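*Asks:* Here is what each chain is made of, one letter per residue.
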Amino acid sequence: MKIMRFLPDCPNIIKLLEIYEDNNKIVMVLELLEGKDLYKRIKTKPRLTEKEIFDIFTQILKGVCFLHDHKIMHRDLKPDNILFSGKSDDSVIKIADFSLADDFSNNKKFTLECGTPGFMAPEIFTGEAYDEKVDVYSLGTILFILYCIYF
Amino acid sequence: MYKMNSDSNQGQDKQMEDKLSSISLEKSGNKWMFFMEEKKNYQTLIEILKKYCILSHFSSDYDIIQILGKGHFAEVFSVRKKSTNQLFAAKIFRKDSDIFQKSKVFHIKSIKKKHFFSRLYLFKK
Chain A
72 MKIMRFLPDC PNIIKLLEIY EDNNKIVMVL ELLEGKDLYK RIKTKPRLTE
122 KEIFDIFTQI LKGVCFLHDH KIMHRDLKPD NILFSGKSDD SVIKIADFSL
172 ADDFSNNKKF TLECGTPGFM APEIFTGEAY DEKVDVYSLG TILFILYCIY
222 F
Chain B
-16 MYKMNSDSNQ GQDKQMEDKL SSISLEKSGN KWMFFMEEKK NYQTLIEILK
34 KYCILSHFSS DYDIIQILGK GHFAEVFSVR KKSTNQLFAA KIFRKDSDIF
84 QKSKVFHIKS IKKKHFFSRL YLFKK
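Protein chains in written order, with the numbering used here: chain A, 72 to 222; chain B, -16 to 108.
Quick caveat, the hints were computed from the structure, so don't treat them as lab data.
From a predicted model like this one, the values you see are computed outputs, not experimental measurements.
Each hint should be verified, as a subset may be incorrect.
[Claimed, not checked] Here are the simulated SDA-like pairs of lysine to any residue, each with C-alpha atoms no more than 20 Å apart in a straight line: (1) 64/B / 105/A; (2) 107/A / 77/B; (3) 133/A / 173/A.
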């Protein structure tokens, strides 16, 4: 939440509008996206065409590149966290769910094991110190699933 | 009315100072007062304030319509703003949930014990 608050606007990242706090709960008001997530989209139709995959993946790369330029790593990239803003397939794509994101600006060493099994880089499992390149590994798994659908 | 947040990040504070260059902040008693040099930036100031400060009455400003999804940490609802009738999404964290009481590491180890590639098997079917 602290991270999303300081991020400037980017077309490929979900926008935070307001924050409320109560005795029992914390509420973040975000923009509403009407489309479904990428995981449901892969399951419904038999296949995405190669050009559609190219368009989708360049938009994801733009978002991740923007995050890494601002010294933030996402750590939980997967098809569930990538959303279509409209109902059609060629609408703008946004990256959501920053609950595991962290900033790596002051050369901190990260050893916390977190993320979704299957999309996590191997160095997270072994307990070594890792850096922002773990995002690149999960991007690779996403691209593989988009092209091959089955494992 | 507004509470200033004590968490701050030095590099990103400078960006915020550039945005708020025409506005000065003074403290009188227990209240923070804002003074503006130009009136043009009023709308942008309100947008920035909503992002950086914490408000307190969620249920009086918004109506909850339906659940959109559940994550490990929070629930997501679609909500309607009462004043403008616009639709938004709201992510609600309960304070008595796992993140605020136990450590994150405990939560994640419980995920690790489940089927390792359970999600990926789904693509085969």
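*Asks:* Looking at the structure, which of the earlier hints fail to hold?
*Replies:* 2
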